[in-house]
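Using the hints, build the complex out of the two chains.
Chain by chain, the residues:
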Amino acid sequence: MSNEHKVLLTIPMYPDMELAAAKTGSVLAELKDFNEEAVEEIQLAIIETCINASEHSQSEDKEVHIQFLVTDDRLEVKITDRGVGITADTLDGTRLLGRPTVHTDLRKRGRGLQIIRALMDEVVIESSPNGTTVSFTKKKTPP
Amino acid sequence: MLDKLDIQIREAKEHAVIETTGYLNDALGEQLAEKAQALIQDGCTQLVINLEKTTLINSIGISILIEIIEALTEREGTLNFCGLSATQERTFRMMAIAKYAGIFPDEESAIANL
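Chains Y and C are the protein sequences, given in the same order. The opening residue of the first sequence carries number 1 in this note's numbering; numbering runs sequentially from there. The opening residue of the second sequence carries number 1 in this note's numbering; numbering runs sequentially from there.
Honestly, the hints are just simulated from the structure, not real lab data. Be careful, since some hints might not be right.
Computed footprint of chain C on chain Y, listed as stretches where at least three residues anywhere in the stretch have a Cβ under 8 Å from a Cβ of chain C [to be verified]:
1. 8-22
2. 45-52
3. 68-78
4. 127-141
All C-beta atoms in this analysis are idealised placements derived from N, C-alpha and C, irrespective of residue type, glycine included.
If we strip away everything but chain C, and leave its shape as in the complex, we get (with noise of 0.2 Å):
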């Protein structure tokens, strides 16, 4: 269960994919949150986070999706997410994070949606 921690960033003209591996947790999360604001400081406001190969989200990783959704509103921008179990989509949906940032099945999904 304690998967190894990881995040892939790839970067696309008008978009970057966010890819995390592991619990996501307050650690993994400030690691996310430090990466996608490194990326929205820098103009990539188009954003996909693949949660594909992240099996647990707690809620101290929901609150951290959430300041970046923020940090995206802020700058008129788009995230997506992809990847999602069934459990975590219906805990996205509860959060209202689906009313903020769009839930796609795979990651061409959520980038032609951007």
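Next up, chain Y with everything else stripped away, as it sits in the complex (with noise of 0.2 Å):
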């Protein structure tokens, strides 16, 4: 069997198909014997990258294309859709960081980014007016 699996799965924006793109990406973490907080980790980063597709993206063919890619060491993953882009001051995190209370600073679904950014390892973020990518890496650790 080869080290290296690219699994390719696109996913209608409706409600809940989040998560078969989470369950795809925790099969192949477990194939490679993340442990099982990574799992967990890779299926919220993967979760929260597609829900802010499906609200924010205003994508006209409604799908989120997801590109998975495992070796030994490390899970890739590549969300894209094609919709509008995302600003500059929501790419930076000004938005979602920095608020001093409850009642203004967790509200906005923006913070899905925050938590994206801390629990992977690497995360990249393209952008235009013909759509978004975000690219995130999970590297294993080990036992």
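So this is what it looks like as structure tokens:
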């Protein structure tokens, strides 16, 4: 069996379809013996990215395209929508951080990006008026 | 992964425990908020939310938990969580939920610290 596995998945922007992507990610991570915590973190990052795409992309095709690449020591996930792109202040997190009270700081749904950045080892966001791709990597920690 | 959604409430004299089962997204979150608000409206302001049977919580679910915290804060109530996975606890701390609500390993300690 090859040490590298690539999986391509396209999901419609329907409620809970992010779970199909998360399940695929968890199966691949478990295949390479990622620990339980890492698998949960991968699932959450996939869920948040897919929800962001569904809720904010305004994509006409209403699809999210996901590419998984897993090797013995890392899982790379690339999630793409063909929507209108996201703004720079969302990308740099200035809308997400530093708010002083519970009443204002955490309500915006853009906080999903904050979660993804915290849980994954590498995160790259590329956005243009033709769509957005969020790529992230989770490295396997030694047992 | 698509667990059956369920919410169980165990009411005692001075507190209530809400236990969720399933993916805490907008659907389950709205059910949870409705039940929590009903308890708060009835004067029960000491709440525990047991998430042991909730394996995944998305950011919308977190938003709804924050709304419950806000409702309790307005009435000087207390909310403690229990049954969180390591990742859930890390996310709650990152989202500052831990500043406004307690996090405990089990239901017994969550109730004892209300």
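Results for each hint:
With 5 residues carrying a beta carbon less than 8 Å from a beta carbon of chain C, the segment 8-22 of chain Y meets the three-residue requirement, and the given coverage holds. Coverage of the segment 45-52 of chain Y by chain C holds [criterion: at least 3 residues with CB-CB distance below 8 Å; count 3]. Requiring three or more residues with a Cβ within less than 8 Å of a Cβ of chain C, the coverage given for the segment 68-78 of chain Y is violated, as only 0 such residues are present. For the segment 127-141 of chain Y, the proposed coverage by chain C is not satisfied: 0 residues have a C-beta within less than 8 Å of a C-beta in that chain, short of the threshold of three.
Consistency note: the structure conflicts with the earlier hints numbered 3 and 4.
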